[in-house]
Amino acid sequence: MTSHKLRKVDVIFSPYSVAPYKILKDTMQRDKNEVIQELIDSGLRGRGGAGFPTGLKWKFAAAEKSDIKYIICNADEGEPGTFKDRKLLVEVPRKVFSGMAICAWVTGSTKGYIYLRREYRYLIPKLKEELALYEKHAKEFDLDFSIEIFLGAGAYVCGEETALIESMEGKRGEPRNKPPYPIQDGFLGKPTIVNNVETFASSTMVFRYGAKEYIKLGTDDQHGSKLFSISGDSPKEGVYELELGMRLDEFAEEFGDGDTKAVQVGGVAGFCIPRKNFKDTIIGEGNTTGGSTMIFNSTRSMYNVLHNYLEFYAEESCGQCTPCRVGTQQLLKGIEAVKNGTKPPQYLDNLIKLSETMKLTSKCGLGQSVTNSFSSIVNNFREEILF
Amino acid sequence: MTDKVTLTIDGQNVTVDKGMSILDAAKQIDVRIPTLCHHEDLCVAGNCRICVVEQKGKNTLTPSCATPAEPGMEIETSTPKVRKARKDIMALLVSEHNTQCTTCYRSTNCELQDLAAEYNIDNDIYISVVKPDLNIDKSSWSIEKDDSKCIRCQRCVRTCAELQHVNALAVTERGKDMRVSTFMHLPMNEIVCTNCGQCITHCPTGALTERRYYDKIWDAIDDPDKHVVINTAPSVRVALGEMLGYEVGTRVTGKMVTALKKMGFDSVLDTDFSADLTIIEEANELLVRLKKAFVTKEEVALPMITSCSPGWVKFIEHMYPEHLAHLSTCKSPQQMFGALTKTYYAEKKGIDPSKIVSVAGMPCAAKKYEANRPEMRDSGFMDVDAGLTTREIGHMIKQAGIDFLELEDSNFDSIMGESTGAGVIFGATGGVMEAALRTAYFVITGRPVPFNDLNITPVRGLEGIKEATIKFEDCLPEYSFLEGVEAKFGIAHGLINARQIMDQIVEGKSPFVFIEIMACPGGCIGGGGQPIPTNDEIRKKRIAAIYEEDMNKPIRMSHENPEIVAIYEDYLEKPLGEKSHHLLHTKYRKRKRY
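Chains as they are written, first to last, in the numbering used here: chain A, -17 to 369; chain B, 149 to 742.
Be careful, since some hints might not be right.
[To be verified] One side of the interface only, derived from the structure: several residues of chain B facing chain A at Cβ under 10 Å:
| no. | residue |
| --- | --- |
| 1 | V192 |
| 2 | G205 |
| 3 | L209 |
| 4 | D236 |
| 5 | I237 |
| 6 | L241 |
| 7 | S243 |
| 8 | S276 |
| 9 | P280 |
| 10 | L282 |
| 11 | I284 |
| 12 | Q302 |
| 13 | T320 |
| 14 | E321 |
| 15 | D325 |
| 16 | M326 |
[What the hints assert, rightly or not] Listed next, with one range per pair, are the computed distances between beta-carbon atoms:
| no. | chain 1 | residue 1 | chain 2 | residue 2 | range |
| --- | --- | --- | --- | --- | --- |
| 17 | B | D262 | A | K218 | 56 to 62 Å |
| 18 | B | E310 | A | G136 | 24 to 30 Å |
| 19 | B | N207 | A | G220 | 33 to 39 Å |
| 20 | B | K286 | A | K47 | 53 to 59 Å |
| 21 | B | N207 | A | Y104 | 36 to 42 Å |
| 22 | B | P280 | A | V(-9) | 50 to 56 Å |
| 23 | A | K47 | B | G159 | 36 to 42 Å |
No lab work stands behind these hints, which were simulated from the structure alone. Quantities reported herein were computed from a predicted structural model and do not represent experimental measurements. Glycine residues also receive a C-beta, built at the ideal position from the N, C-alpha and C atoms.
Using the sequences and the hints given, assemble the complete structure.
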């Protein structure tokens, strides 16, 4: 593991020093394979949380044969504690659209959608203005790729790409069985690339600076810069762009209120790191990269924190698969029972095992990731759960 | 050309067609993987997760029903990881389930119970999360819905959508509140439901069951003042044995009759009799329509469509209310039987019809609704007092302590107990068509239908939509207008196929003159009241038994049934006559699409 000193950088949020549509235009002069290779070389991974290598996704999609391919920008920003995509769409939408357009150009797609979280619908007028500008440029560059906004209906699980696609098709937002993956069989049965807002914006910046420059940021495992939505017991709540690979102790020092007890890294789907492990934790390595970081100080009851998470999960599970639907309820009822004494403390161990079963058997990332926060809180703050 | 893939399951190489699931590949080498949400009739769901297996190179477990076999896959189906996960999933399902198995109708015929027993689930592992506020919906005449027993496998939802295209049941809410419900959570009797009962036969547990009437029937049997008559449908005799220790596809007609008599029914009669009667009325109705179309050039609804299947009838009333004229006005055999029981039978036997309790033993859930239709009171009473499913009859035989396997055969009582092979084949898809053609062709030409042994094979089998063409030559003078006509006949089973047939009619593109439609896949032998499970393999065996029964009948054309000849001579006078119209025909009503 390598780490860096915490460093605020200005890549994604830099003002338009070079117009994003110029980046698009310049990129379109290059060889498509070379462009994909550059993205692979940059080490850019999906910024939504799962961290799949973006260049590979584009490469696979480009290789698919189909009369139509779709590109979906996942702006269903639903992970508790994250709000960076909103800021991106407000401040640098052209980088996002440009990234989508480059993706469309290399993969041969003609239709794009922005799956916008319903709570962000107030952004639509501004986004439409920006889209009109984009369309103008696309026409100028002779690029046959249009972008439309699709409003989600507010389910957390619809951030999962196949549930998102289901919901766009007018069905219940439930994750699909994989395989087939959306790259083969996505929206309306056609090859579909779903990337996070930040992923598209970052890919534009990869082409702006080149993979060689971009890869200089970050560590051996995680490259580039990343937006962090920082909330909780912090005097500096907000969105920050940081180089990947800083240690959590530095992070807590910079953003905490001096009394930081734990940091939830990667939203409720991520891990809760206690102070004693801050020094050994490098943000971005081994953790999800969604960018939600919630800071808890010593006044917070970790039982309440966990209870809150589990209530959220028990509500937001789509309910189709057994481990997630019933498992989330069992974890919630289980910690309540241990707290009020109707189940013995050892019951917590059963629950941790259950959460591991959920990780092994749940259909999608939602149920699979419950164990992250659950085990990390129960293992590190056991006495708070019990007493 | 089909591509093949070779993979390893539990160390054994297995080569299967590309696209086949790991689950089915495992079946080929007799490796059993437990399932719950999986059903052969339905699309893959992959939501119960009980079928997980370990796949080399993957951190998470793989749902074997939802994952296609890939070349070189290495699958282990019984590792500690897999067993522990399956047990955990079972425990979770049990924690969400109303586990009062002793009071459950599906006890001993429940997939959840079987697996829970296999994995020896301790009720105490997890806290019960059964929702306390769930009431049993008993509003429908046909179907009871008990959400406390639902395991959310969505088999009913997929059945209603994929097989029937009715979509009465759907998933609502999410997370802990997720459940299978109806439009606006309305009670089952207020929604667009055909009562076909396919959801029941596809339910792995007791969440969906038919509304049971057998206690009412026992009361009637026990009442010395009541004369209790039962008529049993053709498909009951080829399926009932499955509940009582026989192999699938065993004909138990004689034993069934003996058992029903032992139980105390005063008269055990044969629905096949009224099936034969239906054929006479329906064939004549068709000929009248054809005459109007060909000779007098009157406006008449063609193609004519059969009306024996009450699920289908309710379907067309809801979905195609503007096209009800296509339906034959004939009542179903059950309702003809009921109307005659309290008139003709009562008169012949000298029994006060108010003392008669008329029971129908049916493969069907929708028959219960049909019996309760307000228009089905042409005898002056409720024509059919209760419809029992094959399953209920099986239960009653057990309740009576009858050792079914040891019973001697006996014959149906008389009158209305005589039937032909044509009446028998009503039980299988294509059967009504075949029976009608045997008679219609004879009426038109004076000769038997030109197929070997009267077996009109094009109308048989499990293909969703079938068709047959028959050319009428050397017609009798009365039917000379049909001379040389090549008539097309259509058969559909499963309401999704019925919809295709109807859409053709709506577009004015139907090539048929006469169509048989059955609501349930396979026809009545696959009915919503039949023993569980039902799948294509079982349907085929039951169908084979039906045709066996047909071949064994001395008379195989409805119009040759001596009791049919007699009833027209003694009572009805002539097909489509005044009495027929009063007792054997009915009207339909337009219903709302939503």
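**Message:** Which constraints among the numbered hints does this structure fail? Numbers only, ascending.
**Reply:** Those not satisfied are hints 2, 9, 10, 11.
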